[in-house]
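Visitor: Take a look at the letters that make up each chain.
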Amino acid sequence: MKRYYQPEVETASYEEIRQIQNEKIVKQVRYVYENVPYYRNLMEKKGVTPDDIKSVDDIKKLPFLSKDDLREAYPYGLLGTDLKNCVRIQSTSGTTGKRVVAFYTQKDIDMWEECCARAIVAAGGTEEDVVQVCYGYGLFTGGPGLNGGSHKVGCLTLPMSSGNTDRQIQFMMDLQSTILCCTPSYAAYIGESLAEQGYKPEDNKLKAGIFGAEPWTEEMRQEIEKSLGIKAYDIYGLTETSGPGVAFECEEQTGMHINEDHFYAEVIDPKTGEVLPDGEKGELVFTSLDKEGFPLLRYRTKDICILSRKKCSCGRTHVKMTKPLGRSDDMMIIRGVNVFPSQIEAVLLKEGYPPNYQIVVDRVNNSDTFDIYVECTPAMFSDIIADMQAKEKKLNLAMRSMLGIGPKIHLVAPKTIARSEGKAVRVIDKRKLH
Amino acid sequence: MAITQLSAFLENTSGTLCDALTTLTEAGVNIRALSVADTKDFGILRIIVSDIEKTKAALSNDTLVKETPVIAVKMNDKTGALKEVLSIFKAEKINVEYVYAFTGSAQGDAYVVLRVDELEKAETILAQNNIKTLNDSDITDYLK
Numbered sequence: 001m002k003r004y005y006q007p008e009v010e011t012a013s014y015e016e017i018r019q020i021q022n023e024k025i026v027k028q029v030r031y032v033y034e035n036v037p038y039y040r041n042l043m044e045k046k047g048v049t050p051d052d053i054k055s056v057d058d059i060k061k062l063p064f065l066s067k068d069d070l071r072e073a074y075p076y077g078l079l080g081t082d083l084k085n086c087v088r089i090q091s092t093s094g095t096t097g098k099r100v101v102a103f104y105t106q107k108d109i110d111m112w113e114e115c116c117a118r119a120i121v122a123a124g125g126t127e128e129d130v131v132q133v134c135y136g137y138g139l140f141t142g143g144p145g146l147n148g149g150s151h152k153v154g155c156l157t158l159p160m161s162s163g164n165t166d167r168q169i170q171f172m173m174d175l176q177s178t179i180l181c182c183t184p185s186y187a188a189y190i191g192e193s194l195a196e197q198g199y200k201p202e203d204n205k206l207k208a209g210i211f212g213a214e215p216w217t218e219e220m221r222q223e224i225e226k227s228l229g230i231k232a233y234d235i236y237g238l239t240e241t242s243g244p245g246v247a248f249e250c251e252e253q254t255g256m257h258i259n260e261d262h263f264y265a266e267v268i269d270p271k272t273g274e275v276l277p278d279g280e281k282g283e284l285v286f287t288s289l290d291k292e293g294f295p296l297l298r299y300r301t302k303d304i305c306i307l308s309r310k311k312c313s314c315g316r317t318h319v320k321m322t323k324p325l326g327r328s329d330d331m332m333i334i335r336g337v338n339v340f341p342s343q344i345e346a347v348l349l350k351e352g353y354p355p356n357y358q359i360v361v362d363r364v365n366n367s368d369t370f371d372i373y374v375e376c377t378p379a380m381f382s383d384i385i386a387d388m389q390a391k392e393k394k395l396n397l398a399m400r401s402m403l404g405i406g407p408k409i410h411l412v413a414p415k416t417i418a419r420s421e422g423k424a425v426r427v428i429d430k431r432k433l434h
Numbered sequence: 435m436a437i438t439q440l441s442a443f444l445e446n447t448s449g450t451l452c453d454a455l456t457t458l459t460e461a462g463v464n465i466r467a468l469s470v471a472d473t474k475d476f477g478i479l480r481i482i483v484s485d486i487e488k489t490k491a492a493l494s495n496d497t498l499v500k501e502t503p504v505i506a507v508k509m510n511d512k513t514g515a516l517k518e519v520l521s522i523f524k525a526e527k528i529n530v531e532y533v534y535a536f537t538g539s540a541q542g543d544a545y546v547v548l549r550v551d552e553l554e555k556a557e558t559i560l561a562q563n564n565i566k567t568l569n570d571s572d573i574t575d576y577l578k
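Residue numbers (the working numbering), protein chains in the order written: chain A, 1 to 434; chain B, 435 to 578.
In isolation and in its complexed conformation, chain B is listed as follows (with noise of 0.2 Å):
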């Protein structure tokens, strides 16, 4: 199952990101994951929330922003959990385009996102290896 990610375009120049953090915090939104890929015109903000919608209400007016598919799978907090997700996924040459990680609140979950070339297949593979991934509800249920 995947969950959506919101990415937003942000000008690589200082306060952007703090003025887009600045919008959300205003509407009640809150940030489960972030990551920022940058060059030297701009920046990437990739986001994972609480409320979608809201989160698009309020930063589209003047922000593009995009939702995208991406993986978000469960592991235990210990050394070579994630290799064993990339290694099934090397081994189906399957691409990952960028990862970044989160920790759950309980003590010894961990969150990766994957963003994929291949969803659909990636989806099936993990699903067959019984690794669990979170969709949408578990993020919005999680947080409240």
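For reference, chain A alone in the conformation it holds in the complex (with noise of 0.2 Å):
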């Protein structure tokens, strides 16, 4: 079996990586220079110059590009190339304010494509396999990226778009799928569908899972693993970049192999903007290293991580980043314990609440209070006290363990958290600390 998509490249020393990255760099900063006039200033104001760009080593001389930039620039500010050599836009959900719209030309799609085709091929992926993508298509780059990875390998796809569980599963039988793309959350709802329809997981042809496109657990891992029967790799990307397959897991299961000859990755102090080393903890920062239609340069992600250069037993060089362990912009220590929303908010969709929910933090007598607000929902009430007290009960519990702090639980009416932009307002932190 096929070990790897590109072995070349993908077990390439580390001496050979740099070596390509030096390469590519030179010429995509001069690009970016030459057809982004946005950067250029930039660039300018920082004293910067392609000149001055020699290998990767001088990438942390370049001007960070944020998401502030990126909605000052929208719609073509950061187009790289005209729109007539663009064949393709995607575009995030934008839930906070303007979209990002990125675009794509054939080389982008290819580079994207091969970096999904890396991720299926990881995951045991060949030509005989069947492919499930249950990620939805449309502007969202889930479905397009992880269909065009397939079709890369060979595999016979399956192009479900999200929802319709019923049919999903009804597919997912018949024409045998072996391996399902999706986010972890509706692969956990497939498991439990299954098995709400009297299948085990053995009944299934399942063998892997390739999800993400937002936080899970290990125990999340564990759960999908156990209730599917399959292997669950986790993958990683943003619109900004391509999509997914930015990074992708390996069978080893101990992060995701970052695919380094297209994305040069860096970790920074969020605060000052200084390169961090291998090993500590900080913000992913991403530079383009080929791209045409929209390149970008030291791109703050918000995503906390740690790289790792550790040996892989799979084989692959490339550097490893953890799972997001949350962003740089939210996260609050409560009792001394770290705590992320998106963790918050993580458990609440894994107990079946809804993500109407409203995070507050206060200092009583030199202690911390940490109070959870959630809309009651039809499917919660009860006429029962006993039956609420349990369920607040339950989530407790589940917050507790995955936070390690337990926060009070309190229902509160439907449509009553307070909403700005048609967004909930998700933290509200009283202390001073700052």
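To be clear, the hints were calculated from the coordinates, so they are not data collected in a lab. Among the hints, erroneous ones may be present.
What the hints assert, rightly or not - Below 30 Å or equal to it, Euclidean Cα-Cα: the simulated DSSO-like pairs (lysine-lysine) are:
no., chain 1, residue 1, chain 2, residue 2
1, B, K474, A, K391
2, A, K408, B, K488
3, A, K415, B, K566
4, B, K566, B, K490
On a predicted model such as this, the values are computed, not experimentally measured, just so you know.
Got two chains here, each in a separate frame; can you build the complex from them with the hints?
Guide: Put into structure tokens, the structure is as follows:
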């Protein structure tokens, strides 16, 4: 069985990868400088010219790009080539204002799909496999990315898109899908639905799943692996850089290999912008090395992670990143424990609560208080107090096991949590810590 | 025979009960019996009303409302009447989740609403013991 999609690159030595990166970065920086006035202005403000960039070691001289820049430059300000050379647009959900739109030339699409193909092969995919893609298709990158990767590997591809679980299950059983691609929460839901329909894990032909686009825990991985009878692989990516496949997990399941021949990764101190050594936790920053349509240099992902160059048993040499451990912009320290709203949301969703919640942190008598307000739903509402309290208690325990500290849970009436611009204000920190 | 009780989720803050009752008043709904169970954060308003559909329509815009079948037993307003009913449930191991009472308009009549874990069994046992329970039309007719 083929272990790598592009073995010559995926298992290249550190020096070989550096050489590829060095050659590409010089060209990419010059390309951006010449074609993207928005970024050229940033470089000029910082007094950097393309001549200053001779290798990836010089990347740290370049200015950062943030999501604010993407919004400011919306829609065409960071475009790297004429629109006539572009063949595709993908976009983010845009929950915090303007959407991010990314442009792709055919070469960009091929590169992106090859990255996804590497992820599929790493999960054991071959041309014998039937890949069921139930990420959303459309502007969201999940469906198109894995769909393209599956084609590149030569798998029989089932472009299901998301939703309609009964149909997903029918196709999965009738057409004997072997690899499932979707969000981890949807994988867990499919697992539950299969069990409800009386199927045992061994009744399906699935062997692997490639799950991403949202945070998930090791516990969730084990649950999914058990309920579907598969090995579950993580995949990482963001629309700004291309989509899923920027990094992917191998059989060792100890982090995701970043496709370093296309994306140069740095981890920085989010406050100072200083580059941190491998092994330290910080904000992940990506520099595209060979993109045409939407090249981004030093794009701050706001994802917090750790990079590792520890030798991997799979034989791949590319640097590994941990699962995002949170975001640089919303971490709280409550009673000495790091808490990310994303973790809280993950627990709520896993426990069947709506994502309408509010976290309130305060300090009373030198001790932190930690309260979560959740909107009650018809499914949760009972005429019996004890039933309601049991639900609160169960949620408290689930939070405690995820976070290490237990919040006070408060059920509140529907539509009562304050919303601004259509999105709920998630965190209210009343402590004056800064 | 069971009757339909409506429960509504109310936050435990000042004025929420008044607001809910204002809504019912404006809808022209008469409340036959009422009980509130509360925790620190929220309360559950349980009501037996003259018009179930009208009540649901009036409340359901922003309020969670649930229908639950409960047993309403008519009994003589005298010492030990409720105990008799509960003794029957105890003997049959039927668990009472909650209970509240209301009086009839005729002197000497009392009604007790019981929420039990095994509704059908409870109804059968009560019938066997010749204990009269109300149905929804009794409530509606009574309030006309």
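Visitor: For B/K474 and A/K391, compute the direct alpha-carbon distance and say whether it is at most 30 Å.
Guide: holds, 15 Å
Visitor: Verify the proposed pairing of B/K566 with B/K490, using a straight-line Cα cut of 30 Å.
Guide: OK: B/K566 and B/K490 at ~27 Å, within 30 Å.
Visitor: Would you mind confirming whether the straight-line C-alpha gap from A/K408 to B/K488 stays at or under 30 Å?
Guide: violated, 36 Å
Visitor: Next pair to validate is A/K415 with B/K566; report whether the Cα-Cα distance is within 30 Å.
Guide: violated, 42 Å
Checked against the numbered hints above, the structure breaks hints 2, 3 and satisfies the rest.
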